[in-house]
Amino acid sequence: MSRDRVERAVFAVLRPVVIVGFLIATLLPFYAMLVLSLRPIEDLLRRPGSLAVDLSRLTLDTYVDVLRPVAEGGQGFLGLVGNSAVVATASVVVALLIAVPGAYAVSRLDFFGRRHVSSLFLVVYLFPAIVLAIPLFVLLTQMQLRGSLVGLVLVYIAQTVPVAIYMLKNYFATIPASVEEAGLVDGLGRVGVIRRISLPLALPSVVATGTFVFMIAWNEFLFALLFLVERRDRWTVSLGLAQLSGSIEVPTTVLMAGSVVITLPVVLLFFLTERLLSQGLTSGAEKG
Amino acid sequence: MARTLRQHDARTGLLLLTPTLVIVLAVVLVPLAWSVLIAFQRVRLIDVGRAGLFDELTSDNFARVLGSDVLWRSLRTTVAYTAGSTVLAIALGLVAALALRRPFPGRSFVRAAMLIPYVAPVVAVTFVWRVLLNPEFGIVNDWGRRLFGWDDPIAFLSQARGEVTLFGLDVPVPTALLTVIAFEGWRYFPFAFLFLLARLSALPGDVEEAATVDGATPAQRFRHIVLPQLMPVIAVLVVLRTIWTFNEFDDVFLLTGGAAGTEVVSVRVYELLTVQRNVGAAAAQSVLLAAVLVVLLGAYLWLLRRREGVRS
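Chains C and G supply the protein sequences, listed in that same order.
So the first sequence is numbered by this note's numbering: it starts at 1 and just counts up by one.
So the second sequence is numbered by this note's numbering: it starts at 1 and just counts up by one.
Simulated from the structure, these hints should not be mistaken for lab results.
The C-beta atom is built at its ideal place from N, Cα and C for all residues, glycine as well.
Hints may contain errors.
[As the list claims (entries may be wrong)] Sample of chain G residues facing chain C (criterion: CB under 10 Å; computed from the structure): (1) V27; (2) A33; (3) P117; (4) W244.
[Unchecked claim] Restraint ranges, calculated between C-beta atoms of paired labels, are given here: (5) G:D206 - C:F271: 31 to 39 Å; (6) C:S119 - G:L57: 26 to 34 Å; (7) G:F148 - C:A173: 48 to 56 Å; (8) G:A210 - C:I24: 35 to 43 Å.
Here chain G stands alone, though its shape is the one from the complex (with noise of 0.2 Å):
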């Protein structure tokens, strides 16, 4: 009897997925894999509704992209992008949660405002972004002028390189990608807040205290006993993170276009395609996308299952 009840709950737990899996493999799989029959095939937009499955192949396109100096100089961006936002947004997404670690009153409200540039449309805040920066009437520029006595508007969103004088030197700095930079932290720390402030009212409090009644100061107390802790979400946190800002598509197009030093690789991908009308091309280059995005899940993989064998 129980086996049959074993075996009967298998066929259902199948059935019931089914549906899960169709979908899955008819609009995620199944392209995919497409997408790398087109990365090898003379592919235009025009002739994209007669394509067929078995043109015949050549690698033409990865030839055409990775011959390009385009393709190096944003897949630097591309890598500056990442690194930079990834840190940013953990970093702040860290010091929020720790300074939310302890009740107080209103911070469930403060907690929730914490994650509204997360959840709010892209287009909208990218748009409002780009207002407030704005060198005309942005509201950053204006207040920059009257408090900080700058003696231009700053560009922000379109000046490829602006130079700060430090101690008197010239420092070139790429305005553009700083300030996509900074977009991406702002809207990504609240999912770095989330994780983290989790997984810091779930830490148990009793090593602490004893750490305390040892004598251990708040900085001590967080550099030896709360950072070990918050280490594997904080890895987690830049695996996931780096991931989807390396592929991160919306942010950067609807901030600058691409344009002054911010075209990164999916940007160039989404002009291949609609720009060039160059299927195969686009294909090409996201397939090349793709390739470094399954080096970091292996990675990811590697580190959840090491962390699993840890535990236990």
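Chain C with its partners taken away, still in its complex shape (with noise of 0.2 Å):
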């Protein structure tokens, strides 16, 4: 037999063994995630190796738990989502306010300094989070912000805005100048044009951006550690179940439950707009 023949059959076999493995390598800690937090906590110290669900014994009492308010003995996270979801939908809104314009400036208008403009903003977007923390956290104390929502939604803005001015830009420059100078001819200033033409026709983008920027400011969880730890009702998610994690009293199935609830909202929105998010992080890699 040919080694062509030979490794033919090696990879045919190979492949699927691949997927497969990487299929369970990822979602089996949610999965798991899943199942634990709908079992008593008695029943996984019995039987830790277990995975198979039990309809019988299936509970969502730690839904009840972790979602009730601290005041009814509950851990409270309706509450923390109610704060995540304020932070995130409000770091969603401005940011994009400032990246549109922002973006289609960077790809449409020639003025000095734009080379330099997109440079400025990949610096930006590779700097650590923990180098800018010491100062933001002094900043925001000086300005006594620090346990107000605000300062975390301007730390999350500015974060975020160069990634998605880097992901709309590219978008923009797909959309033919033909079309926008047409608008211009018919008596549109650049503003109309970005409202009247270029924003509707570059809306899949924007949509792509704005989960984007959603699941970061959702997700993160250093800067909410900083500016937010001695306020507990300013907690967002995030924060309240790296909190609760640390101490005995709860029980892990709560804790599970916690992290579905942090998790399904972000997981959902994803599959939503999966196609879009991963084109406008990706599309600069495909041109090599």
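Mind docking these for me? Both chains are given alone in their own frames, and the hints should help you get the complex.
Structure follows, in structure tokens:
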């Protein structure tokens, strides 16, 4: 048998094995999260190795416990979800309001320093949170914005706008300039062109970018920890889960329910926009 | 007319970009510069409220940070952690992308599923890993004992050194560090996978077809045709992942809290800031971190420019 035939046979077997292996590795932890969140804690301790779903022993008490307000003996996650939703939504709205005109300018309009602006954003995008954390911590303390969600939103906007501009500008570049020129000839100003012509055409990209910003703001942990830790009523869900996982009184299964609560919105949103999101992020890579 | 339109556009361009520039300046660049200043000042957490811009400058913080063994130990840990995680994430991403290269039923679902570790909240995924790896009721240890006959449960996240018997030799293994690296590979391979798959699907097929006709085997085609074309993306991924992993805080902090030989530099910065309450030293440490980063960034930009030069 030739080497070619052997290799083909090996890869033909290997490929499905690899794919199944990756699927198990990526999905199993999330499946475990869901199953464990539905079991009573005694059951988990008695049969730690089981991931089978035993319908007779399923419970939703863990969810009741994690979502109920602290005053009623729960963990108050409903309130934390509210905080996260406010923070993430505000970040998306403001980041898009800032990034859409910025991306348009970088992609379409020729102005002095346009090239430098792009590398500036790249640097910001790559700069690590931990280095920014200290001065921002000091700054927000001095401005007495620590413990306020506004400070957090400001940080998230600054961190996401450069990526948002990068994603949007690649999309704006694919819109034919002639369409916009027609609008200019018809008497629209630049802002009118953006609002009436370019923005509707770029809507898929705007949705993808908004989703991306939402995920970053919803998932963020370090700044929430630094700015909000002393204010329990302002905690975001990520911070809440991290804080509670350190305490012995809260059963693991309840915290698993909390994990499901914070993961579900992001994963749902991701599946709805997956195609757009992947395209937006990698649009530079395809050209090589 | 044309000239005035262009001038007008230039003005509009700057105007449209102003909000972005203002917020990037206010929330990123000014704090960065200020961070350098703080690094040269004696600032403690209690007097942060009244710390002024023009306090007396001193290099004590750097002397303190550079003079401590902890820095060098955490730097070594960080380098090992960064190298391991980066290589693992990109290798896994490459294997996954190659496996998904040709269409098959359900491919788009598989592709989306593989991206979940990357998009899910870091707190939730680290927490699930901690539960799964728990020595008492974690499923990994339970299965390990039942299926592989482990004598004792392995404390994946709290054991600094374990021993593995290989061919009768006891080899010391940094258990917690390897576990954190494995987590990092799991969480970030989707990023590499996404970019490599995008590049793979944009590759022109004719060269490979010609090679097939000439009798090249699949492995030879990968080695001599596909891989060279992926190299530019892989190089960019290496730089990006290195930069981000080098500064990664969340994952290590949430998995081990920096214990058991996993104290990377960013966790040390956090400890200086909140436990020791020494803002100046924390800033000095983070400035050193940023210096390493600037070098890496320089390498990245140089790489980009060289690639652009090759293309044009």
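Structure-based check of all given hints:
| no. | hint | result |
| --- | --- | --- |
| 1 | V27 | 3 Å, holds |
| 2 | A33 | 8 Å, holds |
| 3 | P117 | 6 Å, holds |
| 4 | W244 | 7 Å, holds |
| 5 | G:D206 - C:F271: 31 to 39 Å | 35 Å, holds |
| 6 | C:S119 - G:L57: 26 to 34 Å | 30 Å, holds |
| 7 | G:F148 - C:A173: 48 to 56 Å | 54 Å, holds |
| 8 | G:A210 - C:I24: 35 to 43 Å | 37 Å, holds |
Consistency note: the structure conflicts with none of the earlier hints.
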